[in-house]
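> In case you want the letters, here they are:
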Amino acid sequence: MKYSEIMVRYGELSTKGRNRKAFIGRLNGNVAKTLHDFPELTIRPKRDRLHIELNDLPYEPIMDRLSHVFGIQSFSPSIKVEKDMDKVREAALELMDRTAPKGVTFKVQTKRSDKTFELDTNGMNLALGDYMFDKRPDLTAQMKHPDVTLRVEIRREAIFLSTETVKGAGGLPVGTAGKAAMMLSGGIDSPVAAYLALKRGVDIEMVHFFSPPYTSDNALNKAKELTAKLTPYGGRIDFIAVPFAHIQEEIKAKVPEGYLMTVQRRLMLRLTEAIAHQRGDLAIFNGESVGQVASQTLQSMAAINDVTVMPIVRPVATMDKTEIIEQARKIDTYDLSIMPFEDCCTIFAPPSPKTQPRTDRARHYEQRIDVEGLMAEAMAGLQINSIRPGQEFLNQDQDIIAELL
Amino acid sequence: MIYFDNSATTKPDSGALDTYRTVAEQFFGNPSSLHKLGDKAKAVVEQSREQIAELIHAKPNEIYFTSGGTEGDNWIIKGTAMAKRMFGKHIITTTIEHPAVRNTMAQLEDLGFDVTYLPVDSRGFINPDDLKAAMRDDTILVSIMAVNNEVGSIQPLDKVADILQDYPTVHFHVDAVQSVGKGVMDLIRNPRIDFLTFSGHKFHALRGTGFIYAKQGRRIEPLMAGGGQEKDWRSGTENTAGIAAMAKALRLALTDEDKKVAREQAIRKEITEYVESFDHTVIFSKLTPDFAPHILTMAITGVRGETIVHAFENEGVYMSTTSACSSRSGQESSTLAAMNVDGSIAESAFRVSLDEDNTMAEAEQFKQAFKNVYAGFMRMRA
Chain A
393 MKYSEIMVRY
403 GELSTKGRNR
413 KAFIGRLNGN
423 VAKTLHDFPE
433 LTIRPKRDRL
443 HIELNDLPYE
453 PIMDRLSHVF
463 GIQSFSPSIK
473 VEKDMDKVRE
483 AALELMDRTA
493 PKGVTFKVQT
503 KRSDKTFELD
513 TNGMNLALGD
523 YMFDKRPDLT
533 AQMKHPDVTL
543 RVEIRREAIF
553 LSTETVKGAG
563 GLPVGTAGKA
573 AMMLSGGIDS
583 PVAAYLALKR
593 GVDIEMVHFF
603 SPPYTSDNAL
613 NKAKELTAKL
623 TPYGGRIDFI
633 AVPFAHIQEE
643 IKAKVPEGYL
653 MTVQRRLMLR
663 LTEAIAHQRG
673 DLAIFNGESV
683 GQVASQTLQS
693 MAAINDVTVM
703 PIVRPVATMD
713 KTEIIEQARK
723 IDTYDLSIMP
733 FEDCCTIFAP
743 PSPKTQPRTD
753 RARHYEQRID
763 VEGLMAEAMA
773 GLQINSIRPG
783 QEFLNQDQDI
793 IAELL
Chain B
38 MIYFDNSATT
48 KPDSGALDTY
58 RTVAEQFFGN
68 PSSLHKLGDK
78 AKAVVEQSRE
88 QIAELIHAKP
98 NEIYFTSGGT
108 EGDNWIIKGT
118 AMAKRMFGKH
128 IITTTIEHPA
138 VRNTMAQLED
148 LGFDVTYLPV
158 DSRGFINPDD
168 LKAAMRDDTI
178 LVSIMAVNNE
188 VGSIQPLDKV
198 ADILQDYPTV
208 HFHVDAVQSV
218 GKGVMDLIRN
228 PRIDFLTFSG
238 HKFHALRGTG
248 FIYAKQGRRI
258 EPLMAGGGQE
268 KDWRSGTENT
278 AGIAAMAKAL
288 RLALTDEDKK
298 VAREQAIRKE
308 ITEYVESFDH
318 TVIFSKLTPD
328 FAPHILTMAI
338 TGVRGETIVH
348 AFENEGVYMS
358 TTSACSSRSG
368 QESSTLAAMN
378 VDGSIAESAF
388 RVSLDEDNTM
398 AEAEQFKQAF
408 KNVYAGFMRM
418 RA
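Sequences listed follow chains A and B, in order. Counting from 1 along the first sequence, just add 392 to a position and that's the residue number in my numbering. Counting from 1 along the second sequence, just add 37 to a position and that's the residue number in my numbering.
It is possible that part of the hints are untrue.
Said to hold, decoys possible - In silico EDC-like cross-links for lysine to aspartate or glutamate, where the CA-CA straight-line distance does not exceed 20 Å:
hint, chain 1, residue 1, chain 2, residue 2
1, A, Lys479, A, Asp456
2, B, Lys79, A, Asp791
3, A, Lys621, A, Asp456
4, B, Lys73, A, Asp724
5, B, Lys79, A, Asp506
6, B, Lys73, A, Glu734
7, B, Lys73, A, Asp609
8, B, Lys73, A, Asp789
9, B, Lys404, B, Glu350
10, B, Lys73, B, Glu91
11, A, Lys425, A, Glu445
12, B, Lys79, A, Glu734
13, B, Lys79, A, Asp609
14, B, Lys115, B, Glu91
15, B, Lys79, A, Glu617
16, A, Lys494, A, Asp539
17, B, Lys96, A, Asp724
18, B, Lys73, A, Asp539
19, A, Lys475, A, Asp539
20, B, Lys96, A, Asp727
21, B, Lys79, A, Glu556
22, B, Lys73, A, Asp506
23, A, Lys394, A, Glu556
24, B, Lys268, A, Asp456
25, B, Lys306, B, Asp223
26, B, Lys79, A, Glu784
27, A, Lys499, A, Asp530
28, A, Lys499, A, Glu556
29, B, Lys79, A, Glu795
30, B, Lys96, B, Glu350
Since the hints were derived computationally from the structure, they do not count as laboratory data.
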């Protein structure tokens, strides 16, 4: 017995009214992007369901990928059977033999969209239920909370059988809430913030500041690898690396130590805003959490936020560190985040940054550097990569080493 | 030439040697260095660790690299003694352990630890009831080998583990040096076992490599203090090439394990049954399933084991008296003594130890050699 398709049920769509079509279209695109390396699949979006025809591919890796895609409520691997009751009975028994252990309770649940089929819903339920009792006397029928539900869908083209339903990631299809720039450091918080943005359907692109030669390729690759970890939720993510070393040198030379951090952050935010404008992003997301470090006191946020009127969304703003860590572990970014590579935020960090910087001071010190010129230079040096699910950046020797072992 | 001394050491696998050479040439950086070469070397060590963990059904953070079996045994036993000395000073082991365990215990006895040595029966097995009787409130460690290196008896570790379920804080160490590729993985991966010792050169890796398994959450004190490698547990710059070669050798050793075990069993049976048909012979390693497939210890009575080893050498067959480690010191076999084998018979003992590369054709040649050697000794006797 082989599963012929995976049937995907949409999540949170019933309230979308006329936008429904756009949502389904977007989800379809995201699923296709997530499964980009399985070209044999046929993906067919319908009004109520998305059908992924396996065309003989094994279903487990596909299911694994799907479980991450936002906007999916649940999905089931199904068998397609032609509309011949003998064949339906045979396939149903085979499916039950494989997925329903001895002695469990079950029910048959039929949905009929093809009203021309010889049996109606009840007829089908009875026909398959009776047959199952004959062949599998160990099973007991139970209508409320059975162990196994044999789902039967009678559609125009065929009949589909399934017994397994896997919960999807929920949320909204990435992209349905617009596009935003996500400030991604290498730390624990920003990947979690990115995940939460994706969950609400925001199509993000990563903005990462790097400072060679003060920071290593490893730091940059770590940020890319973190990005790759987040791609299964919505598909490809653009990664924009912003060269920041020269700006940091200038600030270090001209701004008093207490305001180094504040001015650096102001420049980061200006640059992110410039990138957002250039690329049509509607907002900026970051991983700031209130009170966590000096740059994240409300005074600091105010002094930094002063440079832009673009909406800044902080998904983890009110989460405790332990909550953020827990979430990071769930999305498997934690172990990567704690890898000890210096990043641009740590190399020029003053020993005691002001926790209550004044906005007017920050403005004043900023005038000592050539903001426009430095920004233009950084913008000219942007490195943009598209990162896809399954890509690896840190262990590029892995295959070579695997050969040796 | 027939090499029947695989329990002493195995010939390094040519693929593992290739890996050694490649890694030593291309990944020569210090895994602790921050630069790219260091990263690459570190990646080799960590990928090897992952592979080894997967092969023995453990987690990567439960594998620590050592220089071999002796270090592993010393470390786990002394490391436990140091880590748990405030909880008690009683240790239980057996009378048939390898000197790496036995002599470590003797050192601890000098330091005031109290060691109970479990006896074995005439076939070379401990009785789990003896363990039960020996357990005390101040027991901190039980150390029992999986496969005896001298006669091949496979100790009843599952029963030991059952008993130790009632003593969850006692460390349970198993010397698994003779166990790789011998069909006993299920036995040594009993969930109650806390520590395992492995040695690379017993499975076609290189001398000077080895690893231990230490169950997550169990702590031992380090023997090697220094630069903090291996999460501070075992300092010393990692033997990157040796580690990679060991990971490869382990993979090869465990590939088609069942087939290899069956082949070794068939050869051992062939030789055993042949030798048994002669009058003045004694077989210590039985053909029952509680003996490892690769070790066959026997005796030609009235002839010293050393003489037998040399006589076979003249026939092109290489093997050992009962244990290669003690054969040069002229000591009689400690395992056979523990089995209450009469001293005059024990000193006649010799050991054939096989591995997957040995063939039935070699068994036939061995039989021919045995016939010649035996006839020679009988002539001298007459």
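> All the hints need checking, so say for each whether the structure fits it.
For each hint, the structure was consulted:
1. A C-alpha spacing of about 30 Å is found between Lys479(A) and Asp456(A), which places the hinted pair above 20 Å, so the restraint is violated.
2. Straight-line distance between C-alpha atoms of Lys79(B) and Asp791(A) comes to about 15 Å, which keeps the hinted pair within the 20 Å bound.
3. For the hint linking Lys621(A) to Asp456(A), the alpha-carbon distance of about 14 Å falls within 20 Å, and the restraint holds.
4. Under the criterion of a C-alpha separation no larger than 20 Å, the hint pairing Lys73(B) with Asp724(A) is inconsistent with the structure, at around 25 Å.
5. A threshold of 20 Å between alpha carbons decides the hint, and for Lys79(B) with Asp506(A) the separation of about 61 Å lies outside it, so the pair is violated.
6. A distance of roughly 15 Å separates the Cα atoms of Lys73(B) and Glu734(A); the hinted pair therefore holds under the 20 Å criterion.
7. For the hint pairing Lys73(B) with Asp609(A), the CA-to-CA distance comes to about 9 Å; that is within 20 Å, so the pair holds.
8. A threshold of 20 Å between alpha carbons decides the hint, and for Lys73(B) with Asp789(A) the separation of about 11 Å falls inside it, so the pair holds.
9. Restraint check: the Cα-Cα separation between Lys404(B) and Glu350(B) comes to about 14 Å, which is no more than 20 Å; the hinted pair holds.
10. A distance of roughly 27 Å separates the Cα atoms of Lys73(B) and Glu91(B); the hinted pair therefore is violated under the 20 Å criterion.
11. As the CA atoms of Lys425(A) and Glu445(A) are separated by approximately 16 Å, the hinted pair is consistent with the 20 Å bound.
12. With a C-alpha separation of about 18 Å, the suggested pairing of Lys79(B) with Glu734(A) holds against the 20 Å cut-off.
13. A distance of roughly 16 Å separates the Cα atoms of Lys79(B) and Asp609(A); the hinted pair therefore holds under the 20 Å criterion.
14. For the proposed pair Lys115(B) and Glu91(B), the alpha carbon gap of about 27 Å is over 20 Å, so the pair is violated.
15. For the given pair, Lys79(B) sits about 18 Å from Glu617(A) by alpha-carbon distance, which is consistent with the 20 Å threshold.
16. Using a Cα cut-off of 20 Å, the hinted pair Lys494(A) and Asp539(A) holds, with the two alpha carbons roughly 11 Å apart.
17. Between Lys96(B) and Asp724(A), the direct Cα distance comes to roughly 17 Å. Compliance with the 20 Å bound is thereby established for this hinted pair.
18. Proximity of Lys73(B) to Asp539(A) is assessed by CA-CA distance (about 54 Å); at most 20 Å being required, the pair is judged violated.
19. Taken as a hint, the Lys475(A) and Asp539(A) pair is broken in the structure, with Cα atoms around 27 Å apart against an allowance of 20 Å.
20. About 15 Å separates the Cα atoms of Lys96(B) and Asp727(A), which keeps this hinted pair within 20 Å; it holds.
21. A threshold of 20 Å between alpha carbons decides the hint, and for Lys79(B) with Glu556(A) the separation of about 43 Å lies outside it, so the pair is violated.
22. As the CA atoms of Lys73(B) and Asp506(A) are separated by approximately 63 Å, the hinted pair breaks the 20 Å bound.
23. Of the pairs offered as hints, the one joining Lys394(A) and Glu556(A) holds, with about 14 Å between alpha carbons and a cut-off of 20 Å not exceeded.
24. For the proposed pair Lys268(B) and Asp456(A), the alpha carbon gap of about 33 Å is over 20 Å, so the pair is violated.
25. Note on Lys306(B) and Asp223(B): the hinted pairing is violated, with a Cα-Cα distance of about 23 Å set against a maximum of 20 Å.
26. Distance restraint check for Lys79(B) and Glu784(A): the Cα-Cα separation of roughly 17 Å lies within the 20 Å cut-off, and the hinted pair is therefore satisfied.
27. Between Lys499(A) and Asp530(A) the CA atoms are separated by roughly 13 Å; this keeps the pair inside 20 Å, and the hint holds.
28. Our distance criterion of 20 Å between C-alpha atoms is met by Lys499(A) and Glu556(A), whose separation comes to about 13 Å.
29. For the hint pairing Lys79(B) with Glu795(A), the CA-to-CA distance comes to about 16 Å; that is within 20 Å, so the pair holds.
30. Distance restraint check for Lys96(B) and Glu350(B): the Cα-Cα separation of roughly 44 Å exceeds the 20 Å cut-off, and the hinted pair is therefore not satisfied.
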